[in-house]
Amino acid sequence: MIITILALFSCAVQGVTLDQLQQRFSLQPVVRADFTQSRAIAGMAKPLVSSGQLLIARDKGLWWHQARPFALTLLLDDKRMVQVMNNQPPQIVTAESNPQMFQFNHLLRALFQADRQVLEQNFTTDFTDLGKQGWRLVLTPKTSPLDKLFHTITLSGRDYLEGIELNDRQGDLTTITLSNQRLTPRTLTDDEQQRFVF
Amino acid sequence: MTNSSASYSDWHRRGAVAWGIICIALLVAAALLLPRAQINSSVLALLPKQSMGDIPPALQQGFMRRLDRQMVWLVSPGANGDSAVAAWWLHRLRALPLLQNLAGPVDEAQQQSWGKFAFEHRNGLVDGATRARLAQGGSAQADWVLAQLYSAFAGVSGRELHGDPLLLVRGAQLAMQGNAGGLGLSQGWLTVRDAQGRVWYFLHGELGGDSFDMAQGRQLVADLDQLKTELKTRFPGAQVLTRGTVLFSDYASQQARHDVSRLGPATLGGVLLLVFALFRSPRPLWLCGLSVGIGALAGTVVTLWLFGELHLMTLVMSLSIVGISADYTLYYLTERMVHGGSAPPLESLRKVLPALLPALATAAAAYLIMALAPFPGLQQLAVFAAAGLTASCLTVVCWYPYLVRGLPVRPLPAMVLMARWLAAWRRNPWVRFGLPLAVAVFSLAGGARLKINDDISQLQTMPAGLLQQERQITALTGQSADQTWFVVYGDSPEQTLQRLEGLVPRLAQARQEGWLKSWHSLPLSSLAQQQRDAQLIAAAAPAVIQGLRQAGADVADADVRPMPVTPAVWLGSPLSEGWRLLWLSLPSGESGVLVPVSGAVQGKALSSLADSLPGVAWIDRKSAFDELFGFYRVMLGWLLAAAVAVIALSYIARLGPRRGLISIVPSLLSLGSGLAALALSGHPLNLFSLLALLLVLGIGINYTLFFSNPRGTAMTSLLAVTMAMCTTLLTLGMLVFSSTQAISSFGIVLCSGIFTAFLLAPLVVPDSKG
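The listed protein sequences derive, respectively, from chains A and B. Heads up: the first sequence begins at 1 in our numbering, then just goes up one per residue. Heads up: the second sequence begins at 1 in our numbering, then just goes up one per residue.
Bound-form chain B, shown alone (with noise of 0.2 Å):
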C-alpha cells in the first residue's frame, strides 16, 4: 500500500465514523418525529395552495375547510313517501358522534319565528324584485298587491295585508322560493320529486371537530355504509344518496393503502429474491436492506422535518425509490463479486467511485427538479426522495468497504451470455446500428399518436358509485359539486355586501349572455342598499294604500320606518338558515360571501368579470388546478430539453462531438420509447408522464455512466446495469398496477424508458476496453 491510500484510508475511516454519528442523530430524530407526524391522505392537500388569488388567506381557508365538511344526504321512502323514513335517518345521523349540526325538519314553531323575524324587518328584507316594483312609483306594487289580494290560491288574508299593506314579507318570501333551487318544503321537510314522481328527503350536515383525520374518514364512511344496510333491511325499497368530500378523501385513502399494501411487499420480496438469486448469500440481502432503511429512515425524517407530514401518495411513490437505492448497493457488491478475491474492498470502492457519485448527483437532481411543481405531494415525493438516495448512497460509501470483508467470489453468472451481448454491440451492426434504428421508428410510430390531457381528475380514480350518487343529487337538487363560486370579500361585512350588490346586476348580464346558468346570493343587503329601499318603501306605499282602498280593502297606512338588518342579526336569525355557509366573518371585521354558481361556461369570460370588480375573485378549483397542470407539465417539458442538452454538451466536451453524441442516443431514445409505449397503451401525456421521463433520463444515465465508468470493465458495467435494471422495473414496475390512473401511466413510462436506457446502454463502451 502507498502513503496515498493509507491517508485514503483514514479519510474513510473518519468518514464511517461520521456517518454513523448521523446515523444515529437520524434515529433519535426519526424517535421525536414520528408520534407527531400526520400523515395527510386528503387529495386536496396535493394540490397547490395559491389557488384562490387576492382573497385574504384566513378566509380562504376558512370556506374551503367549511365547505370540505359539508355533508348531504337524499333519503327517498320509496313508493308511499312517507317521511318517517327521513326521520329514522336523521335519528341514526344524529347518534354518529363524528357528524355535528344535522339539520332536520322545521316544525310549527321554527317557522313562526322565522315569520316573527321577516315581519319585524321586512322593511330591510326587500328583494329584488320588489325594489323594482317600489322604483316604479308605487302604482306597480300596488298592481302586484291587488293581484296577490284577488288571487284565490294565493291566501292574502285580512291579518296579513293589515300588518303588511305592501306585502314586503311575501315578496321576500317568494324571492327566496325562486331561489331554492329544486327543493321545496312539504310537512316541514326539504324535499324534492324526481322524474319516477318519487320524493327524496334533503337532509344535511357537516363533519365534526377542527381537524378530519384519516382514521375518523373511515370510521364515518364505514357507519353510514352500515346505516344504509340496516335502512335497506327495515324498509326495502328506501334509497338513500350521499355527497361530501369525505367520501372521495376516504376512497382516495383506501385507494392508496391498498397499492402500498399489495404493492410494496410484492416489491420487496421480488428485490430480495433477485439479490439472493445472484449471490447466493445472506449478507448482501441485509446490505441492500440496510442501505435501503437508512435512505427510508433519512427521506422520513427531512420530509417530515421539513413539512411535518407525509403525505400518502409521498409514500405510495416512495417505493419507487426502494429500487433506486438498491442499486448503490448491488453496484459495489458486483464489484466485490468479481474482483473481491484481487482488489482490497477500498481499492473497489475507488473503482467505482467514478460511477457512483455522478449516478446519485443525476438522480438526485432529476428528483429534485421535481420539487420545482408547486404540489406539496410532489415537493414531498423530491425530497424524500433526494434525501433517501443520498442516504443510501453515503451508506454504501461509508461503511460496506468494511462490511463486505469476507463476502464470497463467484465467477459471474451467465458470463458467456453477456460476453456475447457485449460482442455483438461491437462487431454486429445488426445490434449496434439496428437496435437503435428500430426503438427510433417504435419512438416514432408512439409518438405520433400522442394525445395530451391535464385533466386533473385523473390523480384519482373516481369509483363509479360515489360518481353515480353525485350525478342524481346534481340532478335532483340543481346543486351540481362543479366547486364553481364568485367570492366577494371586503374589510368590513358592509363593504362586503356593497361589492356583492354591484355584482349581482354583472351576474344577470351574465346569463343573458349565456356565460352560467345560474348563481344564488346571499338575500341580505347592505345597510346603505337598505337605507335607500326605506326610502322607496316610504315614497311608495301612499300610492299602495290608495290603490288597496279603491278596489275596497280597508286597510292602515304601512309602517315605513326603517328596519334595519346587520349581518351579525341575520346570521342569528332563522332567516339564515341554509345561507350561514357562504358568509365568513372574521374577528377583523374581514368577511367574505361565496356566490355559487352552476352551469359556467365561459370560465375565461367570468374571471375577467371579476377581475374587473374590486374585492371579486372568480374560484374555478378544477379548471385552475387543470391549467397549472398544463402550465407545469409546458415547464418541465422544457427543463427536460435543457438538461438533455446540458448532458449532450457534456459528454460532447468529455468525448469529442462524435462519441459526445454517440452517448447521448441512448438517453434520447429512452425518452422517445417511454412516450411511445404510454400513447400505445392508451393514456394521454400529462404532468406525471413528464415527471416520469424526468426520471428516466436520471436513471438512465446512471447505465451509460456506468458503461463509459474509465475505471470499470464493461463486463461488471453490464452486471450491475442489468441487476440495476431488474431492481427498477421490479419497483417501477409495479406502479404500473396502481389503480390511480396517473400512477400506472407514471409506472409505464418509466419502465419502458428504462428498459430501453438498459438495452441502448453498451452503445457508449469505449472500444479499447471490456
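Same shape as in the complex, but just chain A (with noise of 0.2 Å):
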C-alpha cells in the first residue's frame, strides 16, 4: 500500500505549498520508478534492504515488485489486491472479502487524487518547505487503526517524491528511497497493460 504513497507524490513540484503540491497531483497519468527499502526492526542485527522498481497508472492502480532479496510482486487497484510469490498461485483479496483492508486502500486513493479534506480528516498534517524546491510532509495519525499503526509517515522530496519514512508504533523504522522517476511514455505500454491482468 505504500506505493499508493509514492505514486501520489510522485510529481513534479514546483510550489512549496501543499495546496500547490497537490494539484499537480493528478496531472501525471503513469509514473515509474526505481525503490530501495531498509527496514530497521527492534531486537535484529542488521536491517532488512529490498529493492525493485514501481509502476502507478492513475486508471489502473499500482504495480509493486521487489526484485530482490526474493521475488514479490504486489498489485493494487479499485478491487482487488492480488500478492504473487515465486511460482505460487496469486493471492487475491478482493474488496468484498476484506473491507478492512480497503478501508486503507480507499483512503490512500483519496489522497492520490489530491483530496486534501480526507488527508486532513485522518491526518494532522505539517507541511515544511525546504529551499531550493525541496520540501517535507509530516503526517501524523488521528484516527484508528492508522495510530495504533505509525507514529508518523514523513514524505519528502523536490520534484518528485524521493524519500518515505513510516515510523511504526512498535519502534520499527522503514525508509523507502525512490530514484530514476520517469513519467514518459504517458499510458501503460503493452507490457506494463499486462502487469494488471489476473
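Treat each hint with caution, since some may be false.
As the list claims (entries may be wrong) - The calculated lysine-lysine pairs, modelled on DSS-like cross-linking and capped at a C-alpha distance of 27 Å, are: (1) K79(A) - K116(B); (2) K60(A) - K79(A); (3) K517(B) - K622(B); (4) K132(A) - K79(A); (5) K116(B) - K148(A); (6) K622(B) - K451(B).
Stated by the list, open to error - Selected chain B positions facing chain A (in silico; Cβ < 10 Å): (7) R133; (8) Q136; (9) G137; (10) D143; (11) A147; (12) Y150; (13) S157; (14) G158; (15) E160; (16) L161; (17) L174; (18) L185; (19) A551.
Unchecked claim - Some chain B residues well away from chain A (every beta-carbon gap over 10 Å; in silico): (20) R94; (21) A277; (22) P429; (23) Q472; (24) W515; (25) L759.
To be clear, the hints were calculated from the coordinates, so they are not data collected in a lab. Heads up, the beta-carbon is just placed ideally off N, CA and C, and yes, glycines get one too.
Could you fit the two chains together into a complex? Lean on the hints.
Dropping the structure here:
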C-alpha cells in the first residue's frame, strides 16, 4: 500500500505549499520509478533491505515489484489486492472479502486525487518548505487503525517524491528511497498493461 | 299426537338435558383451561414443524429459538462518524430489561486476552491457507513469512517474530478478517462504510428470557421506537436500522389484532342487524347469540385441549365460523316463522333435520379435511370449526324447540319477489339455462387467467419499512436474512467438527460451480485435524527458521508442541466471540453447527450435496415451506376433485343420472366462479384458495340440500338459504378486507363461490314441489 503514497507524490513540484503540491498530483497519468527499502526492526541486528521497481497508472492502479532479496509482486486496484510470490498461485484479496484492508486503500486513493479534506480527516499534516524546491510533509495519524500502526509518516522530495519514512508504533523504522522517476511514455505499454491482468 | 311422536319427544327431552350437562362441563373446562392458555402470534408457529430433516429435534429447536432471538442494529451517526452516538444507543439498549447479551466495542483488555489466547493455542488454531502452505514442506510458509516481514505496512515486529516465527497467529487472524463479511474493526467497534462513505456501527444482542410472548414483543418494539425518536431528536442526522424476528412477529400480531378488532364488530353487527330486520323480535337475536356462543365455547375448549394454545390467525379465521353456525338457528327459526302457527316446534325440527344434519356433516367434513395440511394454524382452525359447528347445531336441535315457543308467526318478507324468482327457475329457459351458462362462461374466462404462486411470504404482508431496513442491513453487512444454512451434526463435538471438515472442501467446489456465493464456517478444527496440523508444523518449522536466518533475521527455534483446543475451551475464550451462536452442544454430547450460506441459487444441488455426506443437512426454510405449500395445494386439489366425484355419485344414486348430474352443476360452477373471481382480482392460486374452495363446496352443498329436502318447501328453503348466504357473506366477506393477502384471497374465493352456489341452488328444486 505504501506504493499508493509514492504514487501520490511522484509528481513534479514547483510550488512550496501543500495545496500547490496536491494540485499537480492528478496531472501525471503514469509514473515509473526504482525503489530501495530498508526496514530496521527492533531486536534484529541488521536492517532488512529490499529493492525493485514500481509503476503507478492512475486509471489502473499500482504495481510494486520487489526483485531482491526475493521476488514478490503486489498489485493494488479498485477491487483487488493481489500478491504473487515465487511460483505460487496469486493470492487475491477482494474489497468484499476484506473491507478493512480496503478502507485503508480508499484513504490512500483519496490522497492520490489530492483530496486535502480526507487527508486532514485522517492525519495532522505538517508541511515544510525546505528551500531549493525541497519539501517535507509529516503526517501524524489521528484515526484508528492508522494511529495504532504508525507514529508518523514522513514524505519528502523535490521535483518528485524521493523518500518515505514510516515510524512504527512499536519502534521499527522503514525507509523507502525512490530514484530514476520516469513520466514517459504517458500511457502504459502493452507489457505494462499485462501486469494488471489476473 | 301419536305414540311415536310421544317417544320422539321423550328422546328429545333427554337429549336436551344431556346437552345441558355437556355445556356445563364445557364451561368448567373453559374456566380451567383459559387462564393457562397461550395466544400464539408467531408466524413461524403456523408453519410445519418437520422442516429440518433428520437433525436431532433438540438441536433443531435450540437453533431455531436462538436464531429467532437475535437482534441486530446498525447505527449511523451521520456526517461526522462519531462513535459517541453508537455508544449512546448501546447504553440505552442495555437499559431495556427485555434485551440481554448486548455486545459493545472491544476494549484494550479484551483485545489483549484475545491475543493471549490466540498465541497460547497457535499450533491448534491453524487456518486453511496456512495449512496449505505448511503442507508444501515449509518453503511456501517461509516465503510468506518473509513477505510479511519485508512489507512496510504489515508491521511484523521483532517481538512477534521471536514468539511466533511461523506467524501462525497472524495467519489465523487474516483468515478471520477475510471471513468477517462487510464488517471491519474501528476503535474497537465493528463498523462498515456504505457507498456514500457514511460509517455504520454494528451492534447485536438477543431477547431475554426463555419464552417470548406477544405482550413482551409489543413492549420491546414500542421501547425501540421510542429510543429511535429520542435518537433523532438528540442527534439529528443519525440513523438506526434494526433486524430481528420479533419485529415481524409483532407486526403480524398487530395486523391480526387489527383485523379482529375491525372485522369482528362489523361482522357481528351486520349479522345482528340482518336477523333483527327479518324477525323484528329480539328473541332470535339472543338465540343466534346463544348457539354461536356455545359453538365458540366448544371450539375454544376442544382446540385448547388438543393443542394447548390458540393461534392468533385461528382466531381471525374463526370469525368465518360465526356466520356459518348462525345458519342453523336461522334455518330453524325461518321454518318456525312460516309454519309456527300450524305445527308444534318438535314437528318443525323433524322437518328441518334431514337438511340440518347433512349440512352440518358436509361443513364439518370440509373443515376437517383442512386438518390434513400439516400447518398447526390450519389444524387448529379445522378443529375449532368442526367442534364449534357441531356444538352450535346441537344447541339448535336440543334446546330450540323449547326456546322458540311463542315466537311470532309472520308472513314471509319479499314473498312476491321470491315466488317470481322460483317461478322463473321453473319456467323461464333464459334463467334455467342461461344463468348457469353465463356463470360457466365467466368461470372459463377467469380460470384461463389463473396463475399459481406458492410463495409462503403471502402469509404475511411485510411492511415496506421493515423490508427496506432488511435490505439495507443485508447490503451493508453481507449477512442476508435468507435463512439458508447447512447444519452439521454428530454424536460428539469431535464427530461434528470432523464432519464439518468433510463439508468445507465440498462448499469450495460448490462455489466454483456457482451454486452459492459464500459461507461462514466455524474457525475451529477437530482434535484429529489439530493433530495433523501439529505434525505439519513440526515438519515445516526447520525450513521456515532456516529461511528467516538466511534473510538476516535472528530468530529462535519455533515451539512445535501440540496446543489442542477443545470446543469447550474455545467457546469459553474471547476468540469465539461472534461465533458462539452457530454452535450448540446438548448435555448428551450431541452437537450441531450452523454454516450460514448466502447467495444460494442451486437449492437442489446443495440439498443433494448434503445428502451425500453423513450428518449434514441443507436447510432453506423458505423454499422448503414453498414446496410444502405447493405439495398440499396439489393434494387438496385432488381431494377436492374426489369430494366432487363422491357427491356426484351420491346424487346419481339417490336421484338418478339426470337429476343427479343437474344437482352437481351448482357445486361445480360455484367452484369455477370462485377461481375466476380470484384470477380476475389479480390474486394467484395457492393453498389458501384451495382451502376456500373446500369450504365453498361444503357450504354450497348446504344450499342444495336445503332445496332438495323432500320435507321442506321451496319457499322456506329459499328464505333460509338467502339468510344463510347473507350472514356468510357478511362474515366471510369481511375477510376480503383483511390486510393479509392470504386471508383476503381466501375471502374472495369464498364470497364469489358461495354467492354463485346461492344463485344456482334453485336449479335442483324438484318440479313437483313448491
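Verification of the supplied hints:
no.: 1; hint: K79(A) - K116(B); verdict: violated, 34 Å
no.: 2; hint: K60(A) - K79(A); verdict: holds, 11 Å
no.: 3; hint: K517(B) - K622(B); verdict: holds, 18 Å
no.: 4; hint: K132(A) - K79(A); verdict: violated, 40 Å
no.: 5; hint: K116(B) - K148(A); verdict: holds, 18 Å
no.: 6; hint: K622(B) - K451(B); verdict: holds, 20 Å
no.: 7; hint: R133; verdict: holds, 8 Å
no.: 8; hint: Q136; verdict: holds, 9 Å
no.: 9; hint: G137; verdict: violated, 13 Å
no.: 10; hint: D143; verdict: holds, 5 Å
no.: 11; hint: A147; verdict: holds, 5 Å
no.: 12; hint: Y150; verdict: holds, 5 Å
no.: 13; hint: S157; verdict: holds, 4 Å
no.: 14; hint: G158; verdict: holds, 3 Å
no.: 15; hint: E160; verdict: holds, 9 Å
no.: 16; hint: L161; verdict: holds, 8 Å
no.: 17; hint: L174; verdict: holds, 8 Å
no.: 18; hint: L185; verdict: holds, 7 Å
no.: 19; hint: A551; verdict: holds, 6 Å
no.: 20; hint: R94; verdict: holds, 23 Å
no.: 21; hint: A277; verdict: holds, 68 Å
no.: 22; hint: P429; verdict: holds, 73 Å
no.: 23; hint: Q472; verdict: holds, 16 Å
no.: 24; hint: W515; verdict: holds, 18 Å
no.: 25; hint: L759; verdict: holds, 61 Å
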